[in-house]
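Asker: Assemble the whole structure, with the sequences as input and the hints as a guide.
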Amino acid sequence: MIRAAAWLCTQHHGVFAPGGESWQRPTPSDLSSLVGRPIKYAQRLTDEAWNCLCAASLAHKASKFETSEIGLLTAGTEGCRDAQENYFRDYVANGRALGRGNLFIYTLPTSVAGEVGIVLSLRGPCMFIRDDVRPLPALLEHAGQMLSDGEAGAMLLLWCDSSAAVCLAIDGNAESQAFPLGLESNPSELCRQLQQLVLAL
Amino acid sequence: MNVRIAQSDLLTAYGHGMDALWKGLLSGRTAIRPTRRFDGRGFNSDQAALIPDLRDDTGETRIWQAIRRVFSPHAGKFDPQTPLILATTVGEIEFVERSVLESNWDLAAESKPEKLAERTQHLLGLRGPVIALSSACASSAAALTRAASMIRHNQAESILVVACDAVSEFVYSGFSSLASLDSEPARPFDSGRCGLTLGEAAAWALLTQSDADKDNVSILGWGNTADAVHMTAPDRNGNGLTRAIQKALVMSRQRADEINFIAAHGTGTVYSDAMELTSFGNAIGGARPVFSIKGGIGHTLGAAGLTQFLVATHALKLGIVPPSVGLTTPDESARDWAVAKSKSNGSMQLALSTNSGFGGVNTAMLLGTGGAE
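Chains as they are written, first to last, in our numbering: chain A, 8 to 208; chain B, 110 to 482.
To be clear, the hints were calculated from the coordinates, so they are not data collected in a lab.
Worth double-checking, as some hints may not be accurate.
[Unchecked claim] Every beta carbon over 12 angstroms from chain B, so not counted as near; a handful from chain A, in silico: (1) P33; (2) D89; (3) L190; (4) R199.
[To be verified] So, partial list: chain B residues that the calculated Cβ filter (under 8 angstroms) puts toward chain A: (5) R150; (6) G151; (7) I202; (8) V209; (9) N213; (10) E227; (11) S243; (12) S244; (13) A245; (14) T334; (15) M340; (16) V470.
[Said to hold, decoys possible] Calculated pairs, SDA-like style, for lysine to any residue (alpha carbon to alpha carbon, straight line, at most 25 angstroms): (17) A:K47 / B:A288; (18) B:K224 / A:T53; (19) B:K224 / A:D54; (20) A:K71 / B:V338; (21) A:K47 / A:T17; (22) A:K47 / B:N346; (23) B:K224 / A:R141; (24) A:K47 / B:T341; (25) B:K426 / B:K224; (26) B:K224 / A:N193; (27) B:K132 / B:Y380; (28) B:K224 / A:N93; (29) B:K224 / A:K71; (30) A:K47 / A:D168; (31) B:K224 / A:R10; (32) A:K68 / A:L190; (33) B:K186 / B:L235; (34) A:K68 / A:D139; (35) B:K224 / A:D139; (36) A:K71 / A:D139; (37) A:K68 / A:L38.
The model shown is predicted, which means the values in this text are computed figures rather than measured ones.
A virtual CB, placed ideally from N, CA and C, is assigned to each residue, including glycine.
Answerer: Structure below.
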């Protein structure tokens, strides 16, 4: 079941936690205040990585999971593509002889998830899984199977683009039908729906 | 329910097919060669394991050429409804290179892994669900575990897993900047090892439901974990991989002392190889024969897990553990484990295959004949 859904976009952020505390607020300029943990390489994170890290931190905190065997699945690629262009543009601009390792290591689709996992000490499966037709429902299915198989005790699912991120925290059986939102929506639209849901409580 | 490989094929620097790869590994001769593709770039190595006859002047990416070639004998042979999982680290990254070099920003979007998955689906005439999966250098191993899980959960009867990655300037320059490349062909588990060699490969496997069967090799269990320690360096205590192996043992209901051999990730970097051996000791205890295929075909990144898994399956069927090409003097920590020469043992039934990657990801799979219902 979905324990919590957290979101962050340029205007607002918050948490919808069925059976728990739900809230929403304007997004602050200093996003590190939303993470509440040390971020070793904060200066290297792309905008999408910051959005994901904040959404994941909020969902993780709201879920009150008692296990560290938490998996992390992600379905966004825009930030990874930005990181790839940044790395290669820098490499070309510097004579095409030596790249910057600290840019290169963020060029994978799982780079953001890896950084989030380190900050939140997530020790379960970490994968980018993208079904282009139904990204978030597909993530829920895979997460449900991983929980059922005993691969993880809980899962965080990141659905993001360059301006918005949503993170679902789930455990047990993933009952997406019980979630009162359109999981087929894009991240920005899902952020808007979550805010409306919380405002209506 | 078990999950077995019904069909498979692969393309590596040794050539097309398992026979070419197997003969290459058993010959002890590496397919890694100096390449002139990056002349003048100032990288700290010129070694690579390239698929023969891929071209850089056709306008097609090397990955796409490799995928077309590995599927060329098999066109039209798949049920159109078969789901597809495509595993890669970064997809067709040459599009990003070209977008920067040609200032054509639309090209970069073509590099997305999901775009490559979609093109592969169209190439094969498939109409079922299609998924792109990336988990760094454990990508195709993780894809195998997802496919096995989906089949076990009756989401599909069969699933096609495709894995591919190519040697690009983007990736070569990146690993060079991290000082991860050996100036000689990689020597996994050797006392003189000092880095990896990049390679390229395309591989596919059609996974299907299977009852317990002495004649078929099945995926019996798996574990996926993260170290949560460092973006590039492995956990020196090997805790993440140890937990992945332990999860695979629990899921498969097999005992560690029943493992006959280990197909290791074995990149040839000092810390990664050491981490793996530490994990094997932690999770398994007594030494088992360990081999790595990366001294032969290089580190094929997103294709590494599936390629290595297919070699392990072949080894299990033949009862032969292949050698780690390039290994001459095993590191002290590898002395009782790493296999420098092939070993024959006709009664092998259980193998472990492991992969790890950036972000501290780890995948362990147990494969064997028979298995629990």
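Asker: For a quick check of understanding: which of the numbered hints are violated here, in increasing order?
Answerer: 2, 9, 25, 27, 29, 31, 34 and 36
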